[in-house]
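Novice: From first to last, the protein sequence lines stand for chains H and W. Using our numbering, you'd call the opening residue of the first sequence number 9 and step up by one each time. Using our numbering, you'd call the opening residue of the second sequence number 41 and step up by one each time.
Hints are not guaranteed to be accurate.
[As the list claims (entries may be wrong)] Distance ranges between label pairs, derived from CB positions:
#1 A198(H) with G1204(W): 36 to 46 Å
#2 R660(W) with R161(H): 39 to 49 Å
#3 I167(H) with T95(W): 49 to 59 Å
#4 E164(H) with G818(W): 37 to 47 Å
#5 N215(H) with G1204(W): 38 to 48 Å
#6 N215(H) with P767(W): 37 to 47 Å
#7 T1236(W) with P30(H): 22 to 32 Å
#8 T1236(W) with S33(H): 25 to 35 Å
#9 D248(H) with T1236(W): 55 to 65 Å
#10 R660(W) with A198(H): 48 to 58 Å
#11 R161(H) with E569(W): 47 to 57 Å
#12 A633(W) with I167(H): 27 to 37 Å
[Stated by the list, open to error] Which chain H residues stay away from chain W? Per the calculated CB distances, all over 10 Å, these:
#13 R14
#14 F55
#15 A72
#16 L84
#17 P122
#18 A198
#19 D213
FYI, nobody ran anything at the bench for these hints, they're computed from the structure. Beta carbons are placed, not taken as given, at the ideal position from N, Cα and C, and that holds for glycine.
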Amino acid sequence: MDLSTRYLGLTLRNPLVASAGPVTSTADGVRKLADAGVGAVVLPSLFEEQLNHQATRDSYLASAGTESFGEALSYLPGAEFDPWPHQYLHLIEQATAAAGAGVPVIASLNGVSPGGWTDYATAMQEAGAAAIELNIYYLPGDPLIPARDAERRYTEILISVKAAVRIPVAVKIGPYFSSPGEMATLLDRAGADGLVLFNRFLQTDINPETFTVSRGFRLSSPGESSLPRAWISLLHGKVDCSLAATTGVERAADVAAYLLAGADVVMTTSALLRHGPAYAADLLDGLAGWMHRKGFTSVTELRGLLSAEAGLAVPGRTGYLSAIEQATHAFGSAQLSS
Amino acid sequence: MTRVTIDGNEAAVSAAYRLNDVCCIYPITPSSPMAELADEWSSKGRPNVWGGVPTVVEMQSEGGAAGALHGSLQGGSLTTTFTASQGLLLMIPNMYKIAGELTPAVFHVAARSLAAQGLSIFGDHSDVMAVRQTGFAMLCSASVQEAHDLAVVAQAASLATRLPFVHFFDGFRTSHELNGCELLSDDELRSLVSYDLVQAHRARALSPERPVVRGTAQNPDVYFQARETVNPFYASVPAAVQTAMSALASLTGREYSLMSYHGHPQAERVIVIMGSGAETAAATAGYLAGRGQRVGVVQVRLFRPFPAAALLDALPATATRIAVLDRTKEPGSLGEPLFLDVLAALAEACSPSSSPGPGRRMPLVTGGRYGLSSKEFTPGMVAGIFDELSRPAPRPRFTIGITDDVSGSSLPYDDSLDIEDPATTRAVFFGLGSDGTVSANKNSIKILGDAGQHAQGYFVYDSKKSGSETVSHLRFGPRPVSAPYLIRRAGFVGVHHARLIGRGEVLDRAAPGAVVLLNTPVPPSAVWESLPEVARSQILARKLTLYAIDANAVARSAGLGGRVNTVLQTCFFAISGVLPADEAIPAIKAAIAKSYGKRGPEVVARNNAAVDAAVAGLHRVEVPGAEVPAGYAGVEGAAALSLAQAAIPADAPEFVRTVTAAMLAGRGDDLPVSALPADGTYPSGTSRYEKRNISDLVAVWDPDLCIQCGNCSFVCPHSVIRSTFYPSDLLADAPDGFQSAPLDSRGLPDRDFTLQVYAEDCTGCGLCVEACPVPVRGVAPETAPGAGTTPHKAINLGTYDRGQVRRNVAFFETLPLADRSRVDFGTVRGAQFLQPLFEFSGACAGCGETPYLRLLSQLFGDRLMVANATGCSSIYGGNLPTTPWTTNRDGRGPAWSNSLFEDNAEFGLGFRLAADQQLALARTRLGELRDEVGTDLVDEILSASQRRESEYAAQRWRVTRLTERLAELDAENPGAPSVRDLLSVADHLVRRSVWIVGGDGWAYDIGAGGLDHVLASGRDVNVLVLDTEVYSNTGGQASKATPLGAVAKFAAAGKRVPKKDLALQAIAYGSVYVARVAMGADPQQTLRALREAEAYDGPSLVIAYSHCIAHGIEKDGQLLRNGMDQQYRAVASGYWPLIRYDPVTRAFLLDSPRPRLPLSAYTGQELRFRILARTDPGVAAQLAERAEEEIRQRWTTYEEMAARGPERFPAADGSA
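Model the full structure from these sequences, guided by the hints.
Specialist: Okay, structure coming up:
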């Protein structure tokens, strides 16, 4: 059984990729994932904004109480608080070593400044990252920002990072574009080596009892996979770059479904968090078992097999109406019987 | 050679570090920065000139440092140390050995006062004079440049002569003065310090390859002769030092000699002096000589061995009257050391028997003291001494700079003498510790230094750690600035906080026509009207030009919070004209890039924005009319106003109204000798008279929401939250606005409850708000309905009205206090009703230590004796002018004292020994007088149980009856010895509670030996360790309590060894009650542990987690606000398990549940742990992993211990 696949020009031993999350945030976690058989790992995103925030806060703390009292003109030894991500670079080095030769470690970057994107990307490359995933998490808070301007930001960042590094670069985007397909194509043309679909934006909750606003994060569930799967189906064959599916992978069947839709790799965090890193082996066993039952001998044979049909469902009016009819049938009767 | 602007400490250590292989260090003010720099350089791998990276090792005490140094020298390494004051004294035993063995080494000492009638961190020569007999050579530097140069000279001469050197300079005045300094390069150091001599030192090292015995025990037959063997070595020192000085001169052009003369070539009157005062004296002599006076100064650099010949060479033959000045006091001696040496040298030289003959006539020699504890020494004082020497019969002994109305020793002088170079710009800045004034000024000095100007900076800090005020003295000019005294008349006065301008001494520093910059939130048009009368008078009388800016607003809009340093620094450059504007602004920005670059581009950008906004926000204030208001009384009047502003209430004790008030008003220098206690004894409870009003936001109570739980007052570090309950009808007399609520307690109807905030003493730390368990509610602001809601609890931070607070507090203090016999001591709710007898200390806002002390004072205050180790708690507990340990309404309260840093356990044990001894005497005498006194009373007293509060009350009542009866007996039969005897010790019949209090530096390090011994003594003493896990008071140096992976000074590369488990060590004795507590995690357990410790009739040890500013924690931008939450996290992560061990039941109790947070949930909140992850993530990760493992192992051990039966713990009496 040949599970190998190509992603961002890299050869992976299988299409299951551990995406950015708590498990990939330590070398130990990465080692466990590699032992469980994943094809590659994506480290958690380095957030430039957070680095800046921490540097500012730590700099404030370092000067706290200084030059006030004759016996203690400072309270900590001189230390540097520049927002340089030593820890992250160290994680890349450690994770690369822990993952071993056959499992590429992909660094993930969420910058805010033009210099931040390129400088950090270069540093990630130097630290040994096999590829970089740009996690462009940009929510135009100003309601008057034109869509084109927002979109241009994505391509500009990609182009500048591509110009700065030799290693492949993937872009992780969200679905909230007027025309996500065009956006994907623009990124493809701008040089993206891969697209990761989709980012799940953090959203706020309001608690009406305590008058508090929380910024929570929920693990994804298989029900959420239809949107990315549909877009992968649609883009399969229409872009040159690799396609990575993420969101809603719980069972081996979910992995298979994404591959059938046309994904080159399938990423998961939620399942690994719910079941532990070793669960990757179960997913891979499940995938191999399914392929065996269905008579596939390699991932290449099955990739995108259903992309044409699955892809049509998204924009087609027919598919939409048919879905509504099915829903009316299912939920309408349920309501009657309750 | 590189020209830099640095302080004396850095100048000295720059040479010392590069010339040595090993530094054995221990923190002590003002020398600590030398050790800190050495540690930092070593951790960064900076090499010395011999090609290695010096090893820097922190020891457990200065005694330990001297021991390690001695060993390292014997091992052949060039070794140094840095110390001061009592620290140097702890090295004395080893100093004799090191000198006796002819071992070259240099100790660099930032000379400081010794603790005598009181401790002082400031500079004089008391410490170095106490080692002049050890056999060390002694070389004294007078300036920053000298501190660098003579550090090298000392090292070279030490190696050349084989004698160890003390190289010293004035603490603070030189050690902390910023000035220009030419640093010698590594090559220059190598050319000045012979490598051959380094080799020779190594060759003398102990080695099994060529074994010898050193350190023999000698007998009467040879010891004496052996002691005399060293004389030729001492004889060689003056020449060797001069040779090294000459080599330096030929390399650098900087000429030094053992004794330098300055002044009139045919001087008749001469001052002999050493240290920074010599610069002032020399400059004054030069000034006076230029005006025809035949005066001069001999500056002593080599003090030991005393170079008599050099003195005679330096002294003009015309000198007939000499005043020798010592910066030390040697009570009971004929005179101070330098005086005696000079006198002896001259007497010998002039004696008829002297060879080569008495060419000289013996001059008249007088001896004077000056400058103790950094007391100012000014040109006016120097002139006053010269004047005294002109008198027909000058005083043979004198003091200068004080008013001695007790012994009449002080000389008069005119302090208005100004000899400074008119080309020198003088500027004084008054700021708050938190606003960055000092760092901005340090920056300005460097900017001007880089721009080719000569610059000097000196900074005066506060005696309080919270709300502290700073004064910066800056001089700039085209010529070198050598004026080691404060600026009296400044051309520029920066007032960085509006309230400071009301202090008379602020504008007192302004020269006529000076420019004043005021930071005030008041709009330009209203500034003049907003000024206090004293300031307006001073501005008009001196024709001052006033500028104003709302620097806080500018800083806030630039995102700098309360740090107004950059804004005000820019204004200074804009107004003062010390640099052209087009040069100044880029220079400020370059300095910002340099000082903040390592803190990230964001910080740099914000500061640059502040620079740009500053000039725009600056405006000149129109001063109306030029008439000085009628009634303006000049400077003296301003002084009187200052005193009045100290606002001491009329009912305060006289000492407070006169002496304390003068200190508070900044006029302590004017107090005469007679005003001060001769034995260092001061009245208790004076902090209540110093209403500092340091925070605009204070705790504000909402009676409607309050559940009266007591949590807020339990955590309050400054004891500003007080509770009481009282009959409701008393409220009839309450002032309007006095807050109360019905008492929420069963069984006490018709009572009201008041939680009174002493807002004028509140630091606004917010710990109370965090501790309030009432759920947050959104409350619409009253002023703007619908404007949104603010989170609100039963206690919140808000503004206050001073008048209202004063009225409320005054009424609150008339309300009855809860009867201690009826308060439930066992609960937080109950404990809030106990009066704190520790209040309003100067500790940091949000301090983690003081809540424990407040609780101690509430529980046991009226029979409490505290032995307090030196450290934070001795400073906020005992630093003048006002102190926090106070008395209850009966006048009883904690008796507090501080002995030393190292001996506190022993000191406290002494309290117990005396108490036990006097109790035994009292009981004996009571038995003897049983019939006379009354059998019932005596039997009751002798058999009384004293464990519960009601029992104490009853015993106190009985003892009062006893003393009344004894007074009657004494009257009946005056002088009966046993009656008098009993009267003198009867107080001891009420059991005393002896507490030994100190920090981890004391308990884990310097005092560990004594603590161990005292815990093993079996005596009834209680030890409270306020564990901040670093030496907090000296600025956060690592101790053995510092946790694995934390970064601290002296552990700049992260602590590599886990914290010592002091609790387990004590438990091993079996006879010690031991508890580890953390108030923020479990206040109830803290309360229980303190009470159990006190009740146990034997030694007790309570180790209390104390969050600290050195941990680097904040919440919502407010330092330490999450301190109690961090305590919770420390416990919940298993880092700080709460335990109690009771030696009576032999039960080990694990009071905290199993770890339920990862360690990172605790460490991740603290900068001390985060730093290493930034600088060395690999090591940080490794240490974090080890720390997790450490916690797991310890937890397992503790769980196993908690499961043990009593038979598996040692018995208190040693039986099985």
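Novice: Are the hints correct? Go through all of them and say.
Specialist: Comparing the hints with the structure gives:
For A198(H) and G1204(W), the hinted distance range of 36 to 46 Å is satisfied, since their beta carbons lie about 38 Å from each other. For the pair R660(W) and R161(H), the supplied restraint of 39 to 49 Å holds, since their beta-carbon distance comes to about 47 Å. One distance hint, 49 to 59 Å for the beta-carbon pair I167(H) and T95(W), holds here, with the actual separation near 52 Å. Between E164(H) and G818(W) the C-beta distance comes to about 42 Å, which sits within the given range of 37 to 47 Å.
The hint said 38 to 48 Å for the Cβ distance between N215(H) and G1204(W), and at roughly 25 Å that hint is violated. The given range of 37 to 47 Å is respected by N215(H) and P767(W), whose C-beta atoms sit roughly 43 Å from each other. Restraint check, T1236(W) to P30(H): a C-beta distance of roughly 27 Å satisfies the suggested window 22 to 32 Å. Range check, T1236(W) to S33(H): about 27 Å between beta-carbon atoms, so the 25 to 35 Å window is met.
Evaluation of the 55 to 65 Å hint for D248(H) and T1236(W) yields a pass: the beta carbon distance comes to about 58 Å. The hinted range of 48 to 58 Å is satisfied by R660(W) and A198(H), whose Cβ atoms lie roughly 57 Å apart. The supplied range of 47 to 57 Å is met by R161(H) and E569(W), whose beta-carbon atoms lie about 52 Å from each other. Against the hinted window of 27 to 37 Å, the Cβ-Cβ separation of A633(W) and I167(H) comes to about 30 Å, which satisfies the hint.
Taking the minimum C-beta to C-beta distance to chain W, about 33 Å, the non-interface status of R14(H) holds against the 10 Å cut. The Cβ of F55(H) sits about 14 Å from the closest Cβ of chain W, beyond the 10 Å cut-off, so the non-interface label holds. Some Cβ of chain W comes within 10 Å of the Cβ of A72(H); the nearest lies about 5 Å off, and the non-interface call is violated. Separation of L84(H) from chain W is inadequate, the least Cβ-Cβ distance of about 6 Å not exceeding the 10 Å criterion.
Every Cβ of chain W is farther than 10 Å from the Cβ of P122(H); the closest lies at roughly 13 Å, confirming the non-interface assignment. Consistency note on A198(H): stated as away from chain W, and its beta-carbon is indeed over 10 Å from all of that chain's, at 27 Å minimum. Non-interface status of D213(H) relative to chain W is upheld: no Cβ of that chain comes within 10 Å, the nearest being about 17 Å off.
In the structure shown, a violation is registered for the earlier hints numbered 5, 15, 16, in ascending order.
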